[in-house]
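Participant: Read off the chains here:
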Amino acid sequence: MTQKTARSKKPSSKVAPSSRATNVSTSGFLRVSHSRTHSRSINASMSRRSFSLAGDGRVLEKAPMQPARATVKVFDENGTDVTPQPLYRPDPAAVPPRQSKILMAQDVSGATFSDFFSSAFHTTYASFGGPFTRSLFESSIVSKSSQSTMESLNEEIEEPSSKREGIISLSDVQVRREEVKEPTTEDVLNKKVDIHLTETETLCLLDIPATSVSVESEEAEIVKQRNAAYTELCKNRMGNDKYVERAMQTFNGAPKAKEVQTKSITKVDAAITATNWDIYDTLSGTGVEGVVREPPETEESNLLDIMSNHSQESSRNLERSMSFLSHTPSSSSSRTEMEVFLVPVEDAPAPEVILYSEKFQQDLLVMEKVVLQNIFQPKLAAYRQLPILKDPDSTQKPKDTGKTEKQIQKTEDIPSSPALEPLWSFTCELTVGRNVSSMTWNKMNPDLLAVGYGHFDFEDQKSGLVCCWSLKNLKWPDRIFHCESAVTALDFSGHNGCLLAVGMHNGSIATYNVQSKEKTPITDSSEYPHKHTGPVWQVKWVSQERAHSEEEKGEALVSVSADGRICKWVLKKDLDCVDLMKLKRTKSERTRRQLGERERRSELVIWREVPGLCFDFHPEDSNIYLTGTEEGFIHKCSCSYNEQYLETYKEHKGPVYQITWSPFSPDVFLSCSSDWTIQLWRQDLLEPVLVFTSPCMAVFDVAWSPKWATVFGVVTEKRLEIWDLGASILDPTIVQDARPGVKLTSLQFASESDCILLGDSDGQVGVYQLNLNLGEGTQVNKTENTQMKCYT
Amino acid sequence: MQSDLIAEVEETLKRIQSQKGVQGIIIINAEGIPIKSTLDNSSTVQYAGLLHQLVMKTRSTVRDLDPQNDLTFLRVRSKKNEIMIAPDKDYFLIVIQNPSD
Numbered sequence: 001m002t003q004k005t006a007r008s009k010k011p012s013s014k015v016a017p018s019s020r021a022t023n024v025s026t027s028g029f030l031r032v033s034h035s036r037t038h039s040r041s042i043n044a045s046m047s048r049r050s051f052s053l054a055g056d057g058r059v060l061e062k063a064p065m066q067p068a069r070a071t072v073k074v075f076d077e078n079g080t081d082v083t084p085q086p087l088y089r090p091d092p093a094a095v096p097p098r099q100s101k102i103l104m105a106q107d108v109s110g111a112t113f114s115d116f117f118s119s120a121f122h123t124t125y126a127s128f129g130g131p132f133t134r135s136l137f138e139s140s141i142v143s144k145s146s147q148s149t150m151e152s153l154n155e156e157i158e159e160p161s162s163k164r165e166g167i168i169s170l171s172d173v174q175v176r177r178e179e180v181k182e183p184t185t186e187d188v189l190n191k192k193v194d195i196h197l198t199e200t201e202t203l204c205l206l207d208i209p210a211t212s213v214s215v216e217s218e219e220a221e222i223v224k225q226r227n228a229a230y231t232e233l234c235k236n237r238m239g240n241d242k243y244v245e246r247a248m249q250t251f252n253g254a255p256k257a258k259e260v261q262t263k264s265i266t267k268v269d270a271a272i273t274a275t276n277w278d279i280y281d282t283l284s285g286t287g288v289e290g291v292v293r294e295p296p297e298t299e300e301s302n303l304l305d306i307m308s309n310h311s312q313e314s315s316r317n318l319e320r321s322m323s324f325l326s327h328t329p330s331s332s333s334s335r336t337e338m339e340v341f342l343v344p345v346e347d348a349p350a351p352e353v354i355l356y357s358e359k360f361q362q363d364l365l366v367m368e369k370v371v372l373q374n375i376f377q378p379k380l381a382a383y384r385q386l387p388i389l390k391d392p393d394s395t396q397k398p399k400d401t402g403k404t405e406k407q408i409q410k411t412e413d414i415p416s417s418p419a420l421e422p423l424w425s426f427t428c429e430l431t432v433g434r435n436v437s438s439m440t441w442n443k444m445n446p447d448l449l450a451v452g453y454g455h456f457d458f459e460d461q462k463s464g465l466v467c468c469w470s471l472k473n474l475k476w477p478d479r480i481f482h483c484e485s486a487v488t489a490l491d492f493s494g495h496n497g498c499l500l501a502v503g504m505h506n507g508s509i510a511t512y513n514v515q516s517k518e519k520t521p522i523t524d525s526s527e528y529p530h531k532h533t534g535p536v537w538q539v540k541w542v543s544q545e546r547a548h549s550e551e552e553k554g555e556a557l558v559s560v561s562a563d564g565r566i567c568k569w570v571l572k573k574d575l576d577c578v579d580l581m582k583l584k585r586t587k588s589e590r591t592r593r594q595l596g597e598r599e600r601r602s603e604l605v606i607w608r609e610v611p612g613l614c615f616d617f618h619p620e621d622s623n624i625y626l627t628g629t630e631e632g633f634i635h636k637c638s639c640s641y642n643e644q645y646l647e648t649y650k651e652h653k654g655p656v657y658q659i660t661w662s663p664f665s666p667d668v669f670l671s672c673s674s675d676w677t678i679q680l681w682r683q684d685l686l687e688p689v690l691v692f693t694s695p696c697m698a699v700f701d702v703a704w705s706p707k708w709a710t711v712f713g714v715v716t717e718k719r720l721e722i723w724d725l726g727a728s729i730l731d732p733t734i735v736q737d738a739r740p741g742v743k744l745t746s747l748q749f750a751s752e753s754d755c756i757l758l759g760d761s762d763g764q765v766g767v768y769q770l771n772l773n774l775g776e777g778t779q780v781n782k783t784e785n786t787q788m789k790c791y792t
Numbered sequence: 793m794q795s796d797l798i799a800e801v802e803e804t805l806k807r808i809q810s811q812k813g814v815q816g817i818i819i820i821n822a823e824g825i826p827i828k829s830t831l832d833n834s835s836t837v838q839y840a841g842l843l844h845q846l847v848m849k850t851r852s853t854v855r856d857l858d859p860q861n862d863l864t865f866l867r868v869r870s871k872k873n874e875i876m877i878a879p880d881k882d883y884f885l886i887v888i889q890n891p892s893d
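As given, the protein sequences belong to chains A and B, one line each in that order. Our numbering puts the first sequence at residues 1 to 792. Our numbering puts the second sequence at residues 793 to 893.
Honestly, the hints are just simulated from the structure, not real lab data. Accuracy of the hints is not assured; some may be wrong.
Unchecked claim - Pulled a few chain A residues facing chain B out of the computed Cβ check, cut under 8 Å:
no. : residue
1   : Tyr280
2   : Gln361
3   : Met367
Stated by the list, open to error - The following label-pair restraints were derived from C-beta to C-beta distances:
no. : chain 1 : residue 1 : chain 2 : residue 2 : range
4   : B       : Asp796    : A       : Val432    : 32 to 40 Å
5   : A       : Gln515    : B       : Gly841    : 50 to 58 Å
6   : A       : Ser463    : B       : Ser795    : 38 to 46 Å
Predicted model only: the values in this text are computed from it and were never measured. By construction, the Cβ of each residue, glycine as well, lies at the ideal position given by its N, Cα and C atoms.
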């Protein structure tokens with residue numbers, strides 16, 4: 001048993017020296033060598049085995065099953081058999097392959113110890129137990145050394161004495177050792193060998209107690225048979241073909257590096273910012289074309305066409321392009337170049353298209369106004385108006401008039417003498433040198449002023465000019481209309497704020513639509529056979545409340561001209577100047593007057609008609625109107641009577657240039673004439689209530705102030721006079737002289753402001769602020785009181 | 793008609809330029825490239841670039857608050873001058889004025 005126990009399965013591949021592998025053969029030196037080789041091979045196999053643990057489980061298992069049956073005997077000096085017992089006696093059949101690893105591990109430890117000792121040429125116990133001796137990882141290392149050790153061991157083996165410590169584990173080796181013992185005995189005996197004996201700890205790795213069976217029991221036979229079979233098996237194991245050690249090696253697939261190249265993948269980042277208005281645009285359909293930009297390929301193709309497509313794509317909304325869809329392709333640079341310009345380029349029209357578009361022109365005009373407002377801001381603030389653009393889409397912010405107003409009010413709080421403060425003047429290069437003949441405010445837009453330029457005299461007739469000035473643009477008129485002949489009368493329609501009626505020196509009347517940019521009149525009476533044959537001195541739009549027929553409701557244009565007719569023009573259709581209804585008959589015109597008749601009776605009548613110079617409809621009763629003639633008479637007429645006057649006021653000695661009803665007092669009117677007087681009349685009195693004289697100058701124009709009942713302005717050739725009846729009826733309150741060399745021609749009060757417009761013969765319309773320090777509101781009573789005073 | 797319009801536009805531009813305190817007029821197209829300018833090149837480019845972004849931002853703000861609204865005019869008043877911008881979908885008209893001159 002000891003032999004058996006000493007039998008070591010495995011060549012302890014381990015560490016070194018003592019590793020030997022050989023389950024080989026049995027005998028002699030040859031065998032030894034053979035065994036050596038075999039051992040080598042086995043060693044190798046062992047070593048190989050060490051690498052391939054897993055696969056070799058079985059093989060490894062088998063290996064321990066191929067024990068060299070030769071046992072190792074260790075004898076000490078005394079000849080005692082001190083062969084150590086094997087710690088482990090494996091049962092080959094029962095050992096599962098898996099255990100082998102574990103055991104092998106254990107083997108290592110075991111083997112190490114044993115190897116160490118044996119390597120030190122110590123007597124050791126064969127560390128038996130196949131598992132211990134199983135080959136291990138280090139076997140490769142071991143193998144080389146093992147060979148050498150093998151040889152050395154073999155040498156040792158050849159020592160004769162059994163005292164020589166056996167080589168651990170291998171039974172083969174033991175076999176060899178036994179054989180080789182004799183020849184070397186003599187040689188080695190003389191050596192002195194130090195032998196150290198130590199004892200290791202007892203490691204109990206596995207303890208399978210032997211089961212003993214009584215010889216007499218029934219199983220005895222079976223056990224014996226089994227034991228015998230086992231012995232046989234172990235014996236047969238060596239050369240048996242059934243048990244072949246085979247090493248296995250798994251094939252590791254040889255790695256092969258394979259390269260694949262793909263075309264670089266184009267990635268495009270598309271980002272979109274959805275803003276509130278963006279969503280709205282898309283939903284409302286305005287963004288239909290542009291919101292989802294076409295994918296890059298179309299743009300690629302259009303690279304060359306982009307410039308040419310400007311005009312087509314100018315309709316695209318720029319905002320959309322700016323707000324979103326930034327393509328950032330990761331591909332070639334050429335493409336990126338294009339993409340960079342992609343978004344904006346598509347939408348940009350050519351510069352010329354921009355610069356000369358309508359919209360641009362409008363923007364320019366607006367900008368001009370803005371710039372001018374900045375410049376004239378204090379003046380306009382002094383004018384104290386909040387300008388309203390005449391364009392329909394007005395979103396103009398009110399100027400910060402608050403500040404300046406306060407300032408002005410502060411200055412006004414200081415009781416100062418009534419004064420005219422010049423603000424600015426409407427003039428431009430077009431109007432320089434022209435005589436301002438008439439001015440009128442737009443009824444609907446109080447910021448709009450129409451000024452007509454034309455000479456009164458017959459001699460130097462230039463073509464006429466009508467300029468529509470706006471308060472927003474003080475330097476350039478908003479509209480310019482060139483007329484054939486001098487403009488002598490203007491009026492804006494009350495019903496339709498765009499219509500401007502222009503009366504000219506050649507007797508024709510034209511209407512213009514101020515809103516449009518058209519330079520030509522809507523209607524022109526030049527071709528009309530019954531047009532006026534003399535200069536039209538006044539035109540007025542009169543709203544007809546009492547119409548003679550249904551068609552005449554609305555507004556009618558009434559004009560008076562030097563041919564003695566007061567005509568009413570009714571525009572039935574827009575284009576044609578239509579029926580004029582003559583208020584005076586051809587035969588027996590109203591303006592035929594006493595003088596005319598007298599003359600007719602007495603002398604040759606040169607003219608039957610008397611040129612009418614002015615007229616004014618009653619503010620409340622549109623049927624009644626006053627008209628002034630060249631003779632100096634003022635006639636009160638009615639629309640219902642074509643032939644007769646209701647009244648005649650004869651006081652003036654010269655042509656009556658202007659008649660105007662008082663806006664506050666329904667019965668009072670003023671008239672001025674070239675006889676240097678201004679006369680204040682009451683409707684029912686045939687004598688003027690008050691007469692104001694101006695120093696030696698014909699009075700061209702007179703106008704009531706729309707704000708103060710007792711104030712009116714008078715324009716003579718050289719001066720502007722403001723009369724305040726409440727202050728004085730003898731002298732004008734304010735007198736302003738004209739600039740030298742310039743004659744003043746016309747006067748207009750501003751309706752919503754305290755300002756006066758003064759036109760002169762140089763084409764300038766000066767705007768003056770009137771500071772009268774009067775209270776607001778009408779002072780009708782005051783007027784009447786004054787009148788009563790005067791009257792009595 | 794077109795020539796009339798061109799003439800008018802040119803005239804209006806000249807008038808604006810001649811007004812008191814106007815330092816410069818710049819017209820830039822939709823991408824922010826100056827088309828016409830009365831200032832020197834570097835200033836023009838600078839104004840164009842900066843104001844373009846400002847107007848875009850302003851317009852976006854206005855429309856975000858109410859998508860039916862739109863920006864019609866923008867004035868930036870500073871200590872030294874005032875920049876007035878009339879934006880449109882195809883162009884910006886910029887006028888720089890110093891009203892206190």
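Participant: Give a verdict on every hint.
Facilitator: Each hint tested on the structure:
The criterion of a C-beta within 8 Å of any C-beta in chain B is met by Tyr280 (chain A), whose closest approach is roughly 3 Å, and the hint holds. Nearest Cβ of chain B to the Cβ of Gln361 (chain A): about 6 Å, under the 8 Å cut. The hint holds. Annotation: Met367 (chain A) was flagged as interfacial toward chain B, and the flag holds, the nearest CB pair being 5 Å apart, inside 8 Å. At roughly 23 Å, the beta-carbon separation of Asp796 (chain B) and Val432 (chain A) lies outside the given 32 to 40 Å, and the hint is violated.
The given range of 50 to 58 Å is broken by Gln515 (chain A) and Gly841 (chain B), whose C-beta atoms sit roughly 39 Å from each other. Judged by the Cβ atoms, the range 38 to 46 Å given for Ser463 (chain A) and Ser795 (chain B) is violated: they are separated by roughly 22 Å.
In this structure, the hints that do not hold are numbers 4, 5 and 6, in rising order.
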